[in-house]
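Those protein sequences? They're chains A and B, same order as listed.
Count the first sequence with the numbering used here and you get residues 1 to 572, in order.
Count the second sequence with the numbering used here and you get residues 573 to 773, in order.
Think of the hints as simulated: they come from the structure by calculation, not from any bench.
Don't take every hint at face value.
Claimed, not checked - Taking CB as the label site, the calculated pair distances span: (1) A/L337 with B/E694: 31 to 41 Å; (2) B/F693 with A/P168: 34 to 44 Å; (3) B/G761 with A/E559: 54 to 64 Å.
Each residue gets a CB set at the ideal place from its N, CA and C atoms; glycine is no exception.
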Amino acid sequence: MAEVTHVDGAHDAHHEHHKPSFWSKYVFSTDHKMIALQYMFTGMAMALIGGYFAYVFRMQLAFPGASIPFFGTLSPAAYNSLVTNHGTIMIFWVAMPVLIAAMGNFLIPLMIGCDDMVFPRVNRLSYQIFLLSAIILIISFFVPGGGFGGAWTAYPPLSAKAEFNATPFGAPMWLIAVTLEIVAFLLGGINFITTVMNARAKGMRMYDIPIIVWMIVIASILFMCSVGPLIAGAVMLLFDQTLGTGFFDGTAGGDPVLWQHLFWFFGHPEVYVVLLPAMGIVGEITCTFARKKLFAYKLILYSTIGLGILSFFVWAHHQFISGVDPRAAYLFTTTTLLISIPVAIVLFAYIATLYGGSIRFTTAMLFALAFTGEFLLGGVTGIWLGSSGVDVYLHDTYFVLAHFHYTFVPIAIIATFAAVYYWYPKMFGRKMNETWGKIHFWGTIVSFNGIFIPLFILGAGGQHRRIYNFQHYPDLAGADMQDMRVFATLSLIVMLAFQVIFIVNFFVSLKRGEKVGNNPWKANTLEWVATSPAPHGNFGATMPEVYRGPYEFSVEGREEDYWPQNEKPSES
Amino acid sequence: MDTMKTIDASFAEPEQPERSPVLSSSAMGILIFIVTELMFFASLISAYLIISAVAEAWPPEGQPRLPVLASALNSLVLFASGFVLFRGYRSFISEGHSERSIKLVRLCLWLGTVFVAVQGFEWVRLLSYGLTMTSSQYGAFFYLIIGTHAIHAIGALIGIWCLLSKLRSGVLKQSSFQAVLFFWYFVVGIWPVLYVLVYLS
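Given the sequences, and given the hints that come with them, work out the whole structure.
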């Protein structure tokens, strides 16, 4: 790697003579920071599409049959398509690219003190495949029959035959898009693990690695080990759709439940694949703004590894009503309840980090604290759903929906905002406006709870998912239930409106934000050593060297309350 | 990794990080990829086992039988190619870009190609006997699993071909050879499992 550093240095000198063109700088770049930004902006654009879909189908549920502003009337088929693609987009094209790909690409080389990923061209290929998959998905909304509408879990037989799902082009395109997206992250994940193993700065030992880098690596390992079944299932489902094989067709000797096993064997570890980077982000931010050493670093690390291993043994809790043997269901209930222990350990360690710290309520910190609180609600409601007896009643109700939104919104939205507010200075050399940031924070958090608390109540009252118009069901058409639906929808509109503040703040701060130095938050990790924004090659001629762990805050006997990892120990 | 930091490391030369990775990045990258591939094949195999376990008769009535003996002989060709590439790697380590290394890699490429070609020839015959992807679950799984393996073999052969051309022009790095070697080991090593499960069932 030492040679690589020199080669890149030579590149820099080369670049000074004739500036790279727009295309080679922004589109075909192999620089990890540019690829991270590409992933982030693509993810944000897809989040707008996913949010718009949510707005349309929530309007239909609150005001059934009415003409929806900025859309028109919604047909049942289009409703299914919107619900399906909202879920797909938010998980595969927002949470994955922003949390794993953007954060991993941006932070790993900077935090472990190297110049770039070990396979920069593989990294570029990864983004290009990802972009292609996003384009295929977007095109699938406009083909005859419309976008795929068989729910984001794509259970056969509905997903397997065009005569059932009525989307002869949408369904295969959806499947191809998902598979390509998965392949993109496969390439990214190989890069992340290898880079952290082989390219750390001199002196950085296992326990000097920042916790977020550990979390992204463990998440990548989970992804690598769980993605095979999904690709296998996707190939088989694609053959069922296009060639007429019957892998998942009960009448042809196949087994529809097989798909559920293959899907959820990937699908449940996938939850932790996006959760772990989010928890890492929150850990970093909590520590920096509590000005305290991270509580129980090793315990967090070991819990995370345990969590990763356990996550492979919980998948069938999604299938308690798919004819799973009750004895097997009991087993999966046990593992599901067990997995809440390591998650709780990590969250408690973050809370213990706050204890006795001198806390600074920056916008990033507010979002990090909100993650801890809100994710806890999502986790606690998961305990009910993990118990097979309760799940039989609650399965496929809005209770499940509210539960996983209470986990996924903190992960994909709240933790991402925390990360953007925190690392924005490193990305662009300026700070985002804190006042508008706090307005954005409170608007987002209050309206988020306004959306999903009513849905918990509705779900416990028996409101089923995937229903186009509740007025057709006398038990669900009461005025009190409808009021709650309207309240949730209005809260969603408020939440979306507050995101306008974020977008304006983001782009205005690019030009007008307060200029900051290399280390605006007085943090210890290596990314704050590089100039803001970091140049190609990250650290210039002198690569940093590591002398201590990443969280040496408020060390006694030091004037400053922080102690950067790369600061040489004094001679005395 | 602890070896990278010695307690009294000289602080005089900070910009020359001494890295002595256990495995080169290429080899590690391909190993991680192989883990994913193993899970992929494991899923195909478990799907196959589940479907074949609940079937009334396996192989089903009226479906052509697979060429057990011819494929067994063909397997030997594949094993031989794996061994030849191993010899080639040893020779590359000791002698570098020597004539012998080139010969061994070329031989491996030929053996691998023969394996894929014989497989393709058998497929054509099976198709003409009426075993297709839609004729039965048996046919579907045969072409799915064995076809997936064939695609991997072809991909690996392209890798070996690139290896050979780099070896000829004398610019081959040991880490690249190692990465291709590992992937070819994977293709060779998974084959007996598939053979026993699919052909001998």
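Against the structure, the hints come out as follows:
For A/L337 and B/E694, the Cβ-Cβ distance of about 51 Å falls outside the hinted range of 31 to 41 Å, so the restraint is violated. As the Cβ distance of B/F693 to A/P168 is approximately 35 Å, the hint placing it in 34 to 44 Å holds. Restraint check, B/G761 to A/E559: a C-beta distance of roughly 60 Å satisfies the suggested window 54 to 64 Å.
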